[in-house]
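There are 4 protein chains.
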Amino acid sequence: MQKNKEIDIPWNFSPRTDLAIEARELAQEEQKSSEELEGVILQTKQTNVCQITHVKILNETGSQTMGKPIGNYITIESELLKENDITSHEQMMQIVAEHIAGLTKLNKKSTILVVGLGNWNITPDALGPKVIEKILVTRHLDGILPEEINKSVRSVAAISPGVMGITGIETGEIIKGVVEKLHPDLVIAIDALAARKFSRINATIQMSDTGVAPGAGVGNKRMTLDKNSLGVPVLALGVPTVVDAATLINDTMDRMLEEMIAQTKEGSAFYEMLQSMDTEEKYRLIVEILNPYVGNMFVTPKEVDAVVDRLANIIANAINIALHPGITMEDINRFTY
Amino acid sequence: MQKNKEIDIPWNFSPRTDLAIEARELAQEEQKSSEELEGVILQTKQTNVCQITHVKILNETGSQTMGKPIGNYITIESELLKENDITSHEQMMQIVAEHIAGLTKLNKKSTILVVGLGNWNITPDALGPKVIEKILVTRHLDGILPEEINKSVRSVAAISPGVMGITGIETGEIIKGVVEKLHPDLVIAIDALAARKFSRINATIQMSDTGVAPGAGVGNKRMTLDKNSLGVPVLALGVPTVVDAATLINDTMDRMLEEMIAQTKEGSAFYEMLQSMDTEEKYRLIVEILNPYVGNMFVTPKEVDAVVDRLANIIANAINIALHPGITMEDINRFTY
Amino acid sequence: MQKNKEIDIPWNFSPRTDLAIEARELAQEEQKSSEELEGVILQTKQTNVCQITHVKILNETGSQTMGKPIGNYITIESELLKENDITSHEQMMQIVAEHIAGLTKLNKKSTILVVGLGNWNITPDALGPKVIEKILVTRHLDGILPEEINKSVRSVAAISPGVMGITGIETGEIIKGVVEKLHPDLVIAIDALAARKFSRINATIQMSDTGVAPGAGVGNKRMTLDKNSLGVPVLALGVPTVVDAATLINDTMDRMLEEMIAQTKEGSAFYEMLQSMDTEEKYRLIVEILNPYVGNMFVTPKEVDAVVDRLANIIANAINIALHPGITMEDINRFTY
Amino acid sequence: MQKNKEIDIPWNFSPRTDLAIEARELAQEEQKSSEELEGVILQTKQTNVCQITHVKILNETGSQTMGKPIGNYITIESELLKENDITSHEQMMQIVAEHIAGLTKLNKKSTILVVGLGNWNITPDALGPKVIEKILVTRHLDGILPEEINKSVRSVAAISPGVMGITGIETGEIIKGVVEKLHPDLVIAIDALAARKFSRINATIQMSDTGVAPGAGVGNKRMTLDKNSLGVPVLALGVPTVVDAATLINDTMDRMLEEMIAQTKEGSAFYEMLQSMDTEEKYRLIVEILNPYVGNMFVTPKEVDAVVDRLANIIANAINIALHPGITMEDINRFTY
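Chains as they are written, first to last, in the working numbering: chain H, 1 to 337; chain W, 1 to 337; chain V, 1 to 337; chain A, 1 to 337.
Be aware that a few hints might be false.
Each pair may be met inside one copy or between any two copies, as identical chains are not told apart.
As the list claims (entries may be wrong) - Result set (SDA-like, lysine to any residue): computed pairs, CA atoms no more than 25 Å apart in a straight line:
no. : residue 1 : residue 2
1   : Lys-176   : Ser-229
2   : Lys-176   : Glu-38
3   : Lys-151   : Thr-87
4   : Lys-109   : Lys-282
5   : Lys-176   : Thr-224
6   : Lys-108   : Asn-150
Calculated from the structure, these hints are not laboratory results.
Using the sequences plus the hints, can you model the full thing?
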């Protein structure tokens with residue numbers, strides 16, 4: 001939900017996704033070849049609990065093809081993220097924590113500001129604010145904590161700035177105002193995302209060192225949260241919690257026609273016509289038919305409330321482990337269960 | 001959401017709707033004629049704030065064609081239901097109140113049990129429980145209220161029994177248990193519904209004197225709440241808050257193909273094939289493609305939280321006005337704003 | 001908060017407590033001797049995480065002196081209950097689970113109905129409903145679960161009936177209605193309590209096999225939940241979450257005067273007068289001064305929201321462990337974290 | 001709850017109040033005369049729905065005696081604030097709106113930042129955040145609204161910064177950061193307060209042009225929100241929602257002893273001793289007896305959740321009316337019911 005979140009913005013006529021792994025799939029579909037995209041490197045790894053995919057955009061060519069800034073995009077995928085399974089979740093907290101550490105450079109004295117983006121009144125958009133509730137904030141305890149404990153924690157602050165429809169203020173302005181008071185060494189921004197495939201909903205965590213670029217390329221002037229705009233590195237963490245309805249219809253229809261064609265020779269002329277249509281054109285037709293509702297609909301799973309709570313827990317604890325050097329999983333359970 | 005709400009049930013291979021007006025539209029599409037269905041009477045009325053449609057199922061033929069019990073189904077439709085507009089909402093409260101009165105037979109001494117069906121943890125399913133929060137309950141005040149006030153109110157009780165996944169108890173059993181203690185003269189059951197058309201979401205209130213038949217015809221054995229099962233008349237009130245994803249895709253695709261055909265002669269063979277496919281068969285294909293997610297997805301508007309709150313207010317106050325003879329809109333504002 | 005919860009009831013002119021251990025202390029103060037009360041047996045045990053006190057009321061004499069029914073009252077006391085400390089909480093879950101098992105007689109086929117009393121809209125009264133959210137309900141899964149799992153769980157159902165001010169229905173009537181449909185072998189009722197001492201707030205869990213007797217002796221006619229009224233044994237579990245303001249003032253004043261007297265000889269005449277006043281008379285004076293607010297005030301700790309959530313978790317899991325023979329602490333974490 | 005809210009601070013050994021009218025009463029008790037305090041002017045007015053009291057602190061002498069900054073403190077008192085009575089609430093919204101206008105200087109182009117102080121997780125402290133939910137924010141709509149509507153609204157933004165225990169950031173720093181980005185012409189800060197008398201809880205609205213001075217004189221170094229610290233005028237609005245337990249006991253005991261003395265000649269020596277004790281000394285004794293709980297307890301009414309919701313509505317709408325020149329009560333109902 002990075003796009004289209006706060007006020008209505010011009011609709012982007014291509015299937016929507018905030019995931020680099022899906023942007024890569026779409027770009028490959030466009031180039032009609034499974035060859036790796038130019039300027040992009042892909043690394044994958046399978047653990048016993050999840051699939052880890054590292055998409056590295058190396059240069060301007062890769063950035064253009066992918067429609068995303070140069071940098072690292074690491075994705076953790078697992079159906080277990082949707083389950084109520086503390087054992088696998090603890091393992092994934094550790095994995096996410098390691099990747100957060102790998103994507104950032106912190107020293108003992110670093111101050112970190114964690115920012116929960118999104119609207120707490122809309123369940124699938126409330127991931128960021130829910131994570132903030134579970135972050136171990138310590139910045140105000142400096143000088144109060146016993147020296148021994150003080151050594152094992154970094155200085156962490158956390159805010160949920162809300163969305164423009166609630167505050168009347170561009171979210172980036174609030175964050176920039178706070179950053180200029182706090183001078184943190186790192187900003188971690190958490191946001192709910194949109195995916196193209198329903199199977200990835202609530203089953204994917206994406207981390208990136210490129211910042212958060214809400215609505216990139218949609219003619220939307222909202223301020224990007226990155227090193228450029230804030231003056232400090234920004235680590236973005238997100239989970240797709242919704243599929244855009246038009247995207248779902250588009251993809252379902254493609255798969256449906258494929259299946260129908262596979263079963264019959266008839267209709268091949270029509271199928272070819274459909275295939276010859278620009279992807280964008282086809283999508284635009286769906287969007288037109290769904291109008292005026294398209295920007296307002298979302299597709300989400302029934303159990304989204306409970307799952308978002310658990311995902312917030314996983315992400316918050318991964319951050320807690322990554323940021324506080326002396327903290328163990330047992331401490332985490334003690335502090336935040 | 002009457003269907004498929006509590007535990008997974010076999011999927012019904014036809015576009016899903018809980019609205020009698022949509023069941024009628026579907027039946028007319030099936031009979032490929034806009035002639036009125038046999039055994040069904042339709043009356044419509046346009047007021048300055050809403051469209052009122054009265055579908056009357058007269059006999060077994062009508063009931064079979066419509067897939068719904070014999071009885072009255074009154075629908076209030078208005079885009080204003082989604083807006084934050086107290087003036088039109090007050091008018092619609094009055095209209096709904098009058099139809100509630102018309103569909104029931106109460107005397108001064110009647111006791112009414114209002115039941116809020118649905119799961120309070122899932123926003124679009126929480127309509128019923130939210131209505132219950134705003135019902136003026138008076139049954140426990142009998143003998144305590146001053147005689148003068150006592151005359152202007154009926155004896156009203158209200159419960160939200162939860163859903164089977166939360167309680168482990170068939171919802172109908174809880175209600176039957178309470179009914180047998182209370183011996184009410186009427187049960188009013190409020191529930192969130194599924195519609196076929198996104199335009200009707202949160203823009204429609206359906207009232208019916210036939211009771212609530214969750215999952216009728218889906219091979220689902222859950223207890224129907226009606227005069228038969230509870231021993232007292234049941235008035236059902238509902239608002240569609242979700243569209244089933246497969247239904248949305250099915251309908252969008254139909255409209256899309258129509259539009260494509262209108263623009264070209266090509267593909268007509270394929271189109272004819274699609275048209276020659278049984279509606280059910282086509283729908284089954286979509287459901288298969290969406291599997292294993294189909295029962296779990298729903299499509300709902302972004303602002304569903306705020307709109308459901310307002311709809312709950314409208315319905316609760318319509319019930320408050322209908323049940324308590326001496327209560328004015330000013331009292332309503334005083335008690336429940 | 002068992003007393004005075006639903007509608008205003010005549011005020012009881014003695015310091016309020018729902019805890020048997022405090023009723024015993026008060027009775028001893030009355031008899032001005034630390035000798036054990038007649039008809040009462042006391043057993044205490046200190047573990048590494050908590051103090052366990054077993055008050056056994058043996059006969060009518062003990063019942064009269066204590067103002068409580070004949071039976072067993074077991075109290076777990078620990079300051080750690082207020083902390084965010086999963087390790088000690090897991091130990092206390094086990095201890096509570098063992099005492100639940102000890103106070104009840106279940107066999108493999110037993111069905112248990114867990115009832116969460118109290119008003120979910122008032123934080124310190126919401127303990128019961130919050131416990132219900134975390135109970136493993138299984139009754140609806142009978143015949144669905146694989147045989148192997150089915151063996152390790154008992155049939156458990158759970159409801160939060162609300163309070164009379166919300167439903168218009170005597171809470172006992174709702175429960176009796178459901179009991180008559182379900183025919184459980186045991187009812188477990190959870191409720192928030194009032195204590196006399198602030199130090200016991202959120203630091204005490206009381207279990208009793210005598211049922212829940214809301215407002216006993218207060219001229220309050222509400223239905224007691226016990227074997228007599230429901231036809232099945234009732235196990236009551238509660239935690240004190242509030243101190244009544246008049247009780248707090250009364251006790252503080254007593255301690256204050258003691259301290260002032262200890263420091264000076266002056267004022268002893270006044271002190272003696274105060275001492276010669278009937279406890280009840282003194283308390284009545286405080287209640288009169290606090291009027292008309294007395295029934296409406298409560299004293300509670302600032303962090304009550306977070307602490308009640310954790311207490312609900314401890315109690316729910318103690319019940320889950322006690323009821324389901326094959327369930328381990330690891331399963332508990334898996335299902336309910 | 002301005003004092004002692006965020007982290008534990010040294011306890012102030014005098015009855016606690018954030019209300020100027022109570023600070024004045026206390027100062028008069030100290031000077032043992034009902035003569036007006038030097039440097040203070042009092043004006044009162046009774047309307048048909050409320051009592052309006054204007055305390056004006058004219059100079060340093062008044063400020064010292066009152067323990068509050070020079071400026072205006074206007075209090076609206078009415079038992080009706082606690083009732084569910086829309087008619088009187090609409091009248092009080094108008095009265096509060098007029099006084100807000102009177103205490104501030106705005107022109108057509110003014111930008112206003114409304115700040116909701118307090119912790120949204122603690123019901124009686126959640127007033128500020130709840131008001132923010134109902135403020136008509138318009139700042140982001142500039143240039144989007146039709147010219148006609150644009151004329152009738154001022155530019156309003158709104159934030160709930162949270163408390164230091166949640167964010168790790170001094171609340172004043174967040175606000176100052178946002179103020180430096182927004183450059184508003186006025187800040188309106190809403191906060192829950194502590195009163196001395198239970199009768200004033202939820203029955204009093206205080207407005208002041210002196211800013212918010214949390215914990216003034218308590219040795220607490222937290223940043224004051226006023227023209228000095230923020231560079232723009234600050235209007236403070238607050239409602240007392242809690243009484244500090246030690247204050248309640250102190251005052252109840254005073255009244256109790258008075259009553260006992262009135263009934264008897266005995267004990268007068270003790271009474272004189274109590275009277276001869278310094279108020280501070282007596283209060284310190286109570287605080288010592290209540291330790292270690294004193295900072296953690298609060299006394300609040302049972303129905304605080306519902307009442308705080310309504311108070312938030314009254315205050316938000318008073319602000320909406322005061323800030324937007326072209327807005328009527330009907331618009332208010334339309335936008336925010």
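Evaluation of the provided hints:
In the homo-oligomer, the alpha carbons of Lys-176 and Ser-229 lie at most 25 Å apart both inside one protomer (8 Å) and across protomers (19 Å), since each shortest distance falls under that limit. Neither within a single protomer nor between protomers do Lys-176 and Glu-38 lie at most 25 Å apart by alpha-carbon distance, with minima of 35 Å and 47 Å respectively. In this homomeric assembly, Lys-151 and Thr-87 come within 25 Å of each other (Cα to Cα) only across copies, at 23 Å, whereas the closest approach inside a single copy is 29 Å. For the identical chains of this complex, Lys-109 and Lys-282 are neighbours neither inside a copy (53 Å) nor across copies (47 Å), given an alpha-carbon limit of 25 Å.
For the identical chains of this complex, Lys-176 and Thr-224 are neighbours both inside a copy (11 Å) and across copies (22 Å), given an alpha-carbon limit of 25 Å. Taking the closest pair of Cα atoms, Lys-108 and Asn-150 come within 25 Å of each other only inside a single copy of the chain (10 Å); across copies the shortest separation is 51 Å, beyond that limit.
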